[in-house]
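So the protein lines, in turn, are chains A and B. According to our numbering, the first sequence holds residues 36 to 151 in order. According to our numbering, the second sequence holds residues 634 to 869 in order.
What the hints contain is simulated information worked out from the structure, not anything from laboratory work. Any given hint could turn out to be false.
[What the hints assert, rightly or not] Heads up, incomplete: computed chain A residues facing chain B, CB under 8 Å, no partners named:
1. Ala50
2. Phe77
3. Arg82
4. Ser89
5. Ser97
6. Gly100
7. Ser105
8. Ala109
9. Val117
10. Thr121
[Unchecked claim] Rough simulated footprint, nothing fancy, chain B against chain A, three-plus residues with beta-carbon under 8 Å:
11. 38 to 45
12. 55 to 65
13. 123 to 131
Note that the coordinates shown come from a computational prediction; the quantities given were computed from them, not determined experimentally. Ideal placement from N, C-alpha and C gives every residue a C-beta, glycine not left out.
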Amino acid sequence: MTRTRTFVLIGTVLALLIAGVGSWYASSAPDGLEATAEEQGFGSTARDSAAADSPLADYTASWIGDDRLSGGLAGVIGVLLVLALTSVLVLLVRRRPASDDSVPDDSAPRADARQH
Amino acid sequence: MHVPDGFLDATTSTGTAAVAAAGVALALRGSRHELDERTAPMAGLTAVFVFAVQMMNFPVAFGTSGHLMGGALAAVLVGPWTAVLCLTVVLLVQALVFADGGLTALGTNVTLLGLVAIGVGYGVFRGLRAVLPATRTGLLASAGVGAFLSVPAAALVFVGLFGLGGVADVALGPVTAAMVGVHLLIGLGEAVITVAVLGAVLTVRPDLVRGGRHLLRARELAPRPGLAGATAVDAR
């Protein structure tokens, strides 16, 4: 359906704009968990992730000097990566033969989540 | 609420990784039945939209910010199992590429922002959708309440995990109060964004909101009873 393709394309451009331009205007205050951790005295137990040296760590393209450009590019790369990975995953899931073994009910994950 | 490395001990992180892996395995099976010709193209868009909007931290009280978690929104758009896959991809990219959320904490984050937020958000949505009028307003209200509750629910489960395997020796009561308090506020933002996005999609392409297909089905049933059966089957 071409109209669906158009809709998805426009939505993706919107996501690119949000990640590439809008994110500059995001609040840089600590998030709910970070703020709680600091206030309750366990913030210092956080450890740097092994990915902390990634060239895109903290949504910053480390090779670009300009902060605004650097953050925007990081966002755009993230959107494209997420799009590529999700598309491949969807293709793989759809390609598997639908041998109808015990179809999980639509509402099942809520029981699942409550156990934890 | 991306949990960094270090907050939870290795045992707890291993446990949440196992839970996350089991949840994703179930989602891989369940999503096959959701990914029809309309949901499949929406999955990628839903994932990138959640990723992009998660970058938009909005201020809440006391010099604190929050951002969309997106579990409820994704589940209403593409179904709960596909939503788990979308959130897992987002969290994986965030942890590996952007160092947002720890690597050993990846299972914890998939459990909290994926399984718990989607399970609670979509569960509440389905429960309310069943009792509220089958209208656009009823649908948006159900999704909004689901989205709102999904955030403090994930915060509460984090506190539970922290009680089990938190590395720091701090009193759990104040942690609970602080976490739930601030995440109730963030949940309001979650509800506003979820309702706004769903409202926009419902206006342009209501057939692309998987959780709202019953509205279309009811509309199609009335004037064209001959086609109703086929339409209902196609929509599954």
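* **Hints the structure fails to honour** => Of the numbered hints given earlier, those the structure breaks are 5, 6, 7, listed in rising order.
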